[in-house]
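Trainee: Line by line, the protein sequences are chains A and B.
Counting in my numbering, the first sequence runs without a single skipped number right up to 494 at its last residue.
Counting in my numbering, the second sequence runs without a single skipped number right up to 181 at its last residue.
Don't read these hints as lab results, they were simulated from the structure.
Small disclaimer: the values here were computed from a predicted structure and weren't measured.
Below, in silico cross-link-like pairs of lysine-lysine (DSS-like), each with a Cα-Cα straight-line distance of 30 Å or less:
#1 173/B / 145/B
#2 82/B / 154/A
#3 216/A / 145/B
Selected chain A positions facing chain B (in silico; Cβ < 10 Å):
#4 169
#5 180
#6 392
#7 396
#8 406
#9 413
#10 421
#11 442
All C-beta atoms in this analysis are idealised placements derived from N, C-alpha and C, irrespective of residue type, glycine included.
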Amino acid sequence: MSWDLLGHLFVSQLSLWWIIWPGIILGIIVGFLPGFNAENTLIMLLPLTLAMPVHYAFAFMTSLYCATHLGGGIPAILVRIPGTPGAAATTLDGYPLTQQGRGQFALVLSFFASVFSGLFACIVTVALLPYLSAMGLYLRSVEMVVVMLFGLTLIAVIAAKDVLKGLIAGLFGLMIGMIGVDHIYNTPRATFGFLELYDGVPLVPALIGLFAVGEALTMAERKLIVKSESRKVGGGHDWGQTIEAMHYSIKRWWHVFWTGMVGLVIGIVPGAGASIASFVAYQQSRMWSKHPETYGTGEPDGVIAAEGGNNGVCSGTLVPMMALGVPGGSTAAVMMIVLQYHGMVMGPQLFTDDPELAYGVFVGMLLSYLFMILTIFPLARYMSRVVLIETTYLVPIIILVTVVAAFSERQYMFDMGVAIVFGLIGYIANKTDFHVAAILIGVILGPIFENYLVRAMRLSEGDPRILFSSTLGNILWGFLVLSLLFPAFRAWLKKRKAAAA
Amino acid sequence: MKEEKPRALAADLVIPVVALAFTVYFFYSTRELGWEARANGLIVGALLIVLGLVQIGRVAVDYVRKRGTFSFGPLVEPRDIFHKRLGLLAITIVFVATLPWLGLGIGLFAALAASFALMGVRPYARVLKVSAIITVVCWIGFVVVLDIGLPQGPLEKLYSHFRGD
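Take the sequences, apply the hints, and build the full model.
Mentor: Structure representation (structure tokens):
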């Protein structure tokens, strides 16, 4: 792609500001609300987007899509309710920061990581699009098994404080994730006779239950979300924390970049999504950190990693759709409907037939992120005041409104019951230190891991050696082993140095 | 020196017991399926059973060595808040159960008002005012703007009637 075309695309996309901005605002609201996501919003808005010229429709859809990923982190940080599954990892360090009275700081960290990881991912995508589209072909089920294991090892990391409890929670989550029909014979497993569970445990109600309802029941014994010793810090709502967080994030730009790249690569793989990317990025960030013990207690790098992975996915998801005609996720599939309605043929031909659209999508995305900076950063200061609402008001609102939101994804009354049941599990886990996040990782990653594993084993007719049969897969295995051994090696080195001193 | 509160050992058994019960149910419900459908569950379930039994053993040892009491302490304490939690859960279950008849408007308002009152919000005029505001915002969001397809109660039917649906 020439610089002339890039400049032209930038100017033409900039002229669509009037459609990008509403997309961003709607996206942030949708991302903020648990139970709603870009996919179901875009489906609802299909009559509108189908009626628009295709360039307008795409600018609107991509800005909304990117903004939902950013918006999901806001409730995750403030009230420990991930707005989207991709923001679940953000709760691990975002919420502890809020409890310490540093909600504004955590929000700005999350906004910075979201916007700039998204920006970096867009730039890399535009520059390397032909190579990236080929990457999707190399990451097959064998390689994805290892990528899933990167995410699943986070269970062991979370379990560090009480290994036994953490592992029980993670394995329990994995078992719950196996509810539903199996991937080969389509026979129901452990569904308790409910047809509604044939597709597996619905993720959004489970997420709402474990985090929103469970946490609301737990917080009822406190007057405010902010811990009493941190109220003075939390009460100061000037720009101080915003500036501090921006300064910190700029210093950590490399962290933002590489976690965004993790998201980009995982996003390219059809079927893999933001929830996997954010957990893998978080796990990697912790593994390579100089102070891994601070993760889970309000570590700023934890927020950056989770949001970096979560937002890097956005460009990646569109790569296989634009370059190969294979949607990288359910939201991309909805976007594809709009493109096909307008007679666009996806695949390599699109880049020669209509480069303005093919590359314009990513340039439009880049502009959306730039607009988001102006929209969202000034709001952090005001949003963080949510934590000063007394729990006597907050708890009933969270429980009742999120239970209603649990209905929205599949429109089953059953799902509201699922949210209540998972709320009880979440409450018990919270009060007895069984790590809600470990349960959730199992529920989210378990079924996807099983899918890839069974597919790989099926290809090899049951021979497990297939897992070590590809070069890329073996390199990933090497990285996995290395990232697991490295912290232990560093601890040993530290101990030796201390002993020598 | 500050005396440490004895550990509530029974509370530490709830999640493992639920997990073990579910695993046994999983094994039972998949006993006639092909290996591909069972393999993952068998591996994860077997590990879970082993770890669950270790946790039960750990609690038993702690109990014998008098490192804690066999109580549900953290789950049910403080007592006054526990009663509020049970009340909130009961209100939520009643709200979900009556939603098909009352609809979102009336159901959410009643549930919010009952919950605020239970949580100790006073005076009652404020309870009604805050409940009404939250209900209106949610109703506009879920019914008017997003139209998520919730069951219709009297208010929603009236709205549909005026909309000409």
